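Q: The lines below spell out each chain.
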Amino acid sequence: MRETILTKYFSNNRHVFFFLGFLTLFTFAVVILAEGFGLGWLGTSFVKTLGKTLCLCMVAIAMDLVWGYCGILSLGHFAFFALGGYMIGMWLMFARTKLVVVAAAKNLALPLTEEEIKSAVGTQIFGVVGGAEIPNIWAFADILPAQLAFVILIPGALALIFGWLAFRSRVDGVYLSILTQAMTLALALYLFQNDSGLRGNNGLSGLQNIPGLENVQQSLVSMYFFIASAFILGIIYCLSNLIVSSKLGNIIKGIRDNEERVRFLGYNVEGFKLFIFVYTAIISGIAGAMYYPQAGIINPAELAPIASIYLAVWVAIGGRGRLYGAVIGAAFVSLMSSYFTGGQAPDIALGFGTLIWTDWWLVLLGLSFVLVTIYAPKGIGGVFDLLAKRNND
Amino acid sequence: MSRLLYVDNLSVTFDGFKAINGLSFEIGEKELRAIIGPNGAGKTTFMDLITGKTQPDSGTIRWGEKSASLIKKPESKIAQLGIGRKFQKPTVLESQTVCENLLMALANPRNPFSVLFYKKNFEDNEIIAKLSTQVNLERKLTTAASELSHGQKQWLEIGMLLAQDPKLLLIDEPAAGMTSIERQQTVKLLKNLANKRAILVVEHDMEFIRQLECRITVLHEGRVLAEGNFDFVMQHQSVIDVYLGR
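Protein chains in written order, with my numbering: chain A, 1 to 393; chain B, 1 to 246.
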């Protein structure tokens, strides 16, 4: 076979080949089976669940890079995820409300002035928190490119400032985990306030209605987002693989295993940690921006520290230190989770009581986390090692 | 012989304990030097001070031709200036191969973007091949560092230091845990290396030190107690009292 750059790359990174192949097949299968274009065997809400799962896989890759590869147990990556969601949510909500306001005023004798539109939009959006003023942070909410840039810039900047302060002071281990969790909690508490400018505990809603796509059915919109999520996940996977398979990957693994050694080899460890921290925060932001239009609503409860802990659990169960492990863990556990907590799982009647899965799912999850940590530290991804070994023998 | 590292009146206190107390010291280019002293004499703290891991309370540390101060410089900058350090326990990056360990140590640009786009080239391969031969690991290049023996890990670490091509090499207890053959090979290696660079060895094993045939500095309670060749130090009364005699 003729050796091209591409075939060489795939023979050195076989998991990328398999991953992209599987992702493509999966995407085609869903497109064919779903309501939007195809047979209609899969409902729109299920397609949305699958699309959201792909976004969770992105943030799991971020977590795997920062924790599995670089050894920083961050319990704050869901904060970046939610921030990304808020940034895109602002545009979705603002632009749509504006369209609604303008449409409602179509039959008026006098067209609305710019100021009147603004005031009406303000009342529509901020009425629930007792205001009509549009806060300053919404200054660019009407401009899609600006909010898209914020999806990357805001989580990136927060990670840069937070990481710079934390790493520079040589905070690591458990203390860093606690600090990242405190950051998430502080951000959540701030967003819960009505005067935070992001509608307090109401959050942003109606995000599934995409401005400009009013006449497109949700079954189609869900397809667009599903395909886009799959595409972005593929890109993030390749990009992250580029990082971990380069010399940079060797260094961040070195930082995980022995920070001092890497430092005395002359590498500025703090700079590398910061690089990974910011990169993963940006991935998380992008993932959030894809997730929440499919979820339809975002509120500060999404930032609860528990969400970031789940993230660590997914990555641990899937297998730390391998990208596909993170993807498998996130997909498997979050789909299981929505199965068990969605009330679809049949309750089990025991002699002395009933096992109700919505209550007992967390116990099952916790138990599997403990078991994986003790008996299978490589997680589900470790199975592939065993398979590869058997093939070699 | 021109002066490479110059330390004057250095002091550092940890919670009231004077770990280093007015220490003055110098080492020339291409000099092999051994440091001995009882536990708590400040040997490791002294290395921490030179490499920037610990900051002194007072005193000066000057480096190289320009006599630049090393104080308040971060560890990575000091390492880039040409000071390599070997820890007491062998510290190599266990989950990576011998080749990857050496590659990371090579004197190439060290910022995140240049390592991200780094491509292994012919020259680097040559250097790694040469280095691995020098530390007897040429057949282990694709072996994970965790699978090496204790002595081999020590050598790998020395190999990594050489890859950095430092002007001064600080080596903490290289002979610990080595077999007697490995010790002899290490003595040979260190003497050989000192032809090109300065080496500072901290060691407890007096037989090992004797074989090094170099000048010896005795530390005690954070300062220099005596300095001279092996026989001089062995017969020095206060050295016998505080260290050898016990």
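Don't read these hints as lab results, they were simulated from the structure.
Some hints here could point you the wrong way.
To be verified - The calculated PhoX-like cross-link candidates involving lysine-lysine, where the alpha carbons are at most 25 Å apart (straight line), are:
{"id": "1", "chain 1": "A", "residue 1": "389", "chain 2": "B", "residue 2": "140"}
{"id": "2", "chain 1": "B", "residue 1": "188", "chain 2": "A", "residue 2": "8"}
{"id": "3", "chain 1": "B", "residue 1": "120", "chain 2": "B", "residue 2": "89"}
{"id": "4", "chain 1": "A", "residue 1": "247", "chain 2": "B", "residue 2": "188"}
{"id": "5", "chain 1": "B", "residue 1": "130", "chain 2": "A", "residue 2": "247"}
{"id": "6", "chain 1": "B", "residue 1": "119", "chain 2": "A", "residue 2": "8"}
{"id": "7", "chain 1": "B", "residue 1": "120", "chain 2": "A", "residue 2": "247"}
{"id": "8", "chain 1": "B", "residue 1": "119", "chain 2": "A", "residue 2": "247"}
{"id": "9", "chain 1": "A", "residue 1": "247", "chain 2": "B", "residue 2": "77"}
None of the values given here were measured: they were computed from a predicted structure.
Q: Run every hint past the structure and note whether it holds.
A: Here's how the hints hold up against the structure:
| no. | hint | verdict |
| --- | --- | --- |
| 1 | A:389 with B:140 | 21 Å, holds |
| 2 | B:188 with A:8 | 43 Å, violated |
| 3 | B:120 with B:89 | 30 Å, violated |
| 4 | A:247 with B:188 | 32 Å, violated |
| 5 | B:130 with A:247 | 20 Å, holds |
| 6 | B:119 with A:8 | 15 Å, holds |
| 7 | B:120 with A:247 | 9 Å, holds |
| 8 | B:119 with A:247 | 8 Å, holds |
| 9 | A:247 with B:77 | 20 Å, holds |
In this structure, the hints that do not hold are numbers 2, 3, 4, in rising order.
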